[in-house]
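In our numbering, the protein residues as written are 1 to 963.
Keep in mind that the hints were calculated from the coordinates and are not lab data.
Using N, Cα and C, we set each Cβ at its ideal position, and we do this for glycine too.
Please note that a few of the clues may not be correct.
As the list claims (entries may be wrong) - Derived Cβ-Cβ restraints for the label pairs, each shown as a range:
(1) Asn517 <-> Arg117: 37 to 47 Å
(2) Asp681 <-> Ala599: 36 to 46 Å
(3) Asn517 <-> Glu725: 54 to 64 Å
(4) Gly277 <-> Ser809: 32 to 42 Å
(5) Gly55 <-> Arg393: 31 to 41 Å
(6) Asp273 <-> His237: 21 to 31 Å
(7) Ser922 <-> Ala610: 18 to 28 Å
(8) Glu725 <-> Ala32: 53 to 63 Å
(9) Ala684 <-> Phe608: 19 to 29 Å
(10) Asp89 <-> Pro8: 42 to 52 Å
(11) Glu176 <-> Val412: 49 to 59 Å
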Amino acid sequence: MLLSDIKPLFPEFPTVDALGDFVTRISGGLLAGAGDPPDRTGELAALAGIAAPDGPADFDSFGRGLCASHRAGLLTVFGGSPLSTAAADRLTDEALAWLAGRVTDTATRTLVVVLDRLRNAEALAGDTSEDRFRHFCAISATPEFRDVVLGVFPELRRQLDTLIDNGLRHIRTMLEATTTAVRDGVLPSSAARLASIGYGLGDTHAGGQAVCRLTFDGGLRLVYKPRPMAVEEAYGHFVTRINEAAGLRLPVLGVWCGDGRGWQEHADQAPPDPGPGYFRTCGHLLAVLHLLRASDMHYENVLNHGGQPVVVDAESLFSVNRRSGDATGQPAETVALAHTVFSIGLLPTRVGNPAAPERSMDAGFLGYVPDQRGVAEQPVLAGFGTDTARIVRAVSAVDAPSHRPAGLPRGVELQQLCTGFAEVYDWALEHRRELESWLRELFGDVMIRSVLAATDRYARLLRTGSHPAFQRSTALKELLFHRCGMGRLDHVTVPVVRAEIADLLQGDIPYFTLRTNATAVHHRGDPIADVLAEPPLAAAVAALGSLSAHDRELNVRIIRAAYTDLTGPECDAPTYTRRPGPARIHGRDVVAAGRTLIARIAEELYGFAAGTDRPFWIGASIRDTTQEHPWRVDGLADDLYAGVAGVAMFLGAAGAALDDDRHRRLAARALRSRLEPLLDDPAARRGQAAGGMAGGYPGLAFAAVEVGRLTGDADLSALGRRLWEHLPGDLDEATDFLMGSAGLLAASLTLDAPAAVTDTLAAHMLAGPVPERIYSGFAHGTSGQLAALTRYHGATGRAVAELAALTRSHDGLYDEAAGHWPVSNTADRSARGWCHGTPGVLLGLTERLAAGAPVADQVGPLAREVATGCLGLNLSLCHGDLGNLMILADAAPAEPTGLVAERVEARHAELVLRILPRALASRVGKSVLNDGLYLGLAGIGTALLTLGGEITVASPLTLRRRS
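Could you build all of it, start to finish, from the sequences and the hints given here?
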């Protein structure tokens, strides 16, 4: 087999020789011994002469026919055990149905190709497409059909023989072990006679073994697991002890251990208890799993039992571990997040598909809801029942039932969850020595699972390997499975990749284990690589010793951050008094209360910064606002909108206003550590160019100049200016304010950047194509572009004609009949935020007014409209009340009645004295669950600094300095 023939399977390798080195490193002389598979598909023509047998037929007839010869053997197996002899016929039927189903799944893609060839050759009897399909199903059950097809596709024959042999061995082993356990009194006496066996509850591992559900006469149901279950047994004892010592009521399932396998009580999956106590119990469970460094506790591994959440699969305890030599192999944010409760999987956890970022689903136990769409396309059979059946790729719905009670307000759920977590955490703080002794006693040397790659990665390889092209040659399929080693050889070692390939050739998901007291990873009982920096139990004991009040609060923040995407507008919409009137309290009290809140927010952001040389934050992060569910728990990105640049800009301003050197230094370190690598690496800089002021490196540069100005750090400002001067060569096509050259132009004017840079930005904005949909708002529309261009004209005297044309285009968007500014020229609705709404139009007017444009008469009416109709939204800068109050505060001097100034004063006072303190205490809505500038805490703090008027800060909404 030529390397060039398989090179398309490995497009990542630049040359054929590089691919050869990769394969040889893993499998030695595999390539030398792999011949080209002969093309025998012409032999399929012989299928045309097969007569269809009488009787019903379906698509699984091929699988049933292949497995039928094993009926007698299975009857002997089931008839030979006192547990199953009475129901041997029924149990045999169940076993054969499971095996036939697995055969059908494995052979489907090949059968569809055979069907297509016979249809094209007009070799199928029948007048209709459905008749011809039935004829195909009928002949597929015959020995002659199987002989031809499996001769043409010899790797399929090997794979199916292996699948059936492994399946039969699994059935025999399961029945023998269960029979022995009942006989020896290991299992309850009520497990006397088997009534039914449910196969395939999960993936197959280690030679076709899978979890089974055993139902006995009388209703007893047990789950058989073909692996040692000492960890489940130890977990049950651990939870029972904590229940007794801490007064909890966490349920545990009964566990019975056998020799290399075990049985577990079946979770009843009864409806959850409807009250708030359910979520308090979830908090208790979350804390216990955190102590045990668990992961993978998603909606399939935690179920309800007796109305409360219970762990049904504990093999992923002690799985938060550091690999040997891997101290710098992962981003610091990833490492830090792995040591929080988020890694457990119990919290809302949205997973996505990098190849299709618009797809995501929440797989966390507390976030999962039924009827979500999966994230990856999978091969499915379309046109089933006809002779045009074919394999297509589609995204399927995930329809497992939900576990969580419905109807409770999200704030109640979140509060109960955090309370429950803190209760157990605080108890653990006081009982560390006792807990350590339990850990060492119960988990001293037990087997746990080691997940070395995502299960879906293996599953995709197995699906690809089922293509007929790979069913002609075992060597070709084995070469395909080398893809599991791509980019991982130095990380997981060659023996691990070899073991993965061996398992995949068995049709199994690769399965590895660890011992809690050792550092080696095992495969089928044998150590194959020494991968961990320390034993899992030692890591858990060390983590127990590092528990602290600060760590508890960090984890509570992470719990709340996980709910950011699930909180609706009602969670943080401020409620004001019905008749605001003038502020009833002395202005100094409002200013003092505002300073207290600024200090509180700054102290929180300072306290939860991690890293020394390169400070970072972990929490609610938003990367793509176009997604339906944009929030993730992650390390904050570097951007100004919701990332580190925005947090640092607030901290720098807060440090200046509060005269707090800690905040000033932290802001400078956070920015400097990100600027210097971009200045040193042009490729990295260009990689962060897209996104304008909101998402790209310009936001970092702007923040550095501003923080340097506010803190007196001239070197930091100089770094920011150096980075800014690279902009002309790094521009993308966007021309709006938030993410394009309009915002860059406004910021460049604020920074008094070199004229060549500013002129380039103005020219770029003006040269942009006129979009089909023209927005009226500030962030993405003509209001923001007009504001920037008016400032540019005021500073340079240029762009007179362009400014006039843009003004006409903008004014033409106003809907005279409706009496409002629509979102765009293609929509008649109005909006209430600065991005697309009336406040953004007002902001554009006030910016133009400040730059000398004659628009004063337009400001007053629009300001009154915003003051009366655009508050009560949320607490953010971007499309929220604090942003709109900043806009109104700028507009108030141009509104002659004084109504707007009065409204700003009153609403500002209510926010500072009542609404914000309560919101910061309850922590429910999006605005207080994330740290970002435009959407979260840093923005709240920046708005208070701006409205308080104590220092001159650059408004995130306009990028103009405002005192």
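Do the hints match the structure? See the list:
1. Asn517 <-> Arg117: 37 to 47 Å: violated, 57 Å
2. Asp681 <-> Ala599: 36 to 46 Å: holds, 37 Å
3. Asn517 <-> Glu725: 54 to 64 Å: Since the Cβ atoms of Asn517 and Glu725 sit about 57 Å apart, the hinted range of 54 to 64 Å holds.
4. Gly277 <-> Ser809: 32 to 42 Å: violated, 59 Å
5. Gly55 <-> Arg393: 31 to 41 Å: Given a distance of about 34 Å, which is inside 31 to 41 Å, the answer is holds.
6. Asp273 <-> His237: 21 to 31 Å: Hint holds: Cβ distance 25 Å, inside 21 to 31 Å.
7. Ser922 <-> Ala610: 18 to 28 Å: Cβ of Ser922 to Cβ of Ala610: about 25 Å, so the range 18 to 28 Å holds.
8. Glu725 <-> Ala32: 53 to 63 Å: Check passed, 57 Å falls within 53 to 63 Å.
9. Ala684 <-> Phe608: 19 to 29 Å: Given about 27 Å between the Cβ atoms, the range holds.
10. Asp89 <-> Pro8: 42 to 52 Å: holds, 50 Å
11. Glu176 <-> Val412: 49 to 59 Å: holds, 51 Å
Of the numbered hints stated above, those contradicted by the structure are hints 1, 4, listed in ascending order.
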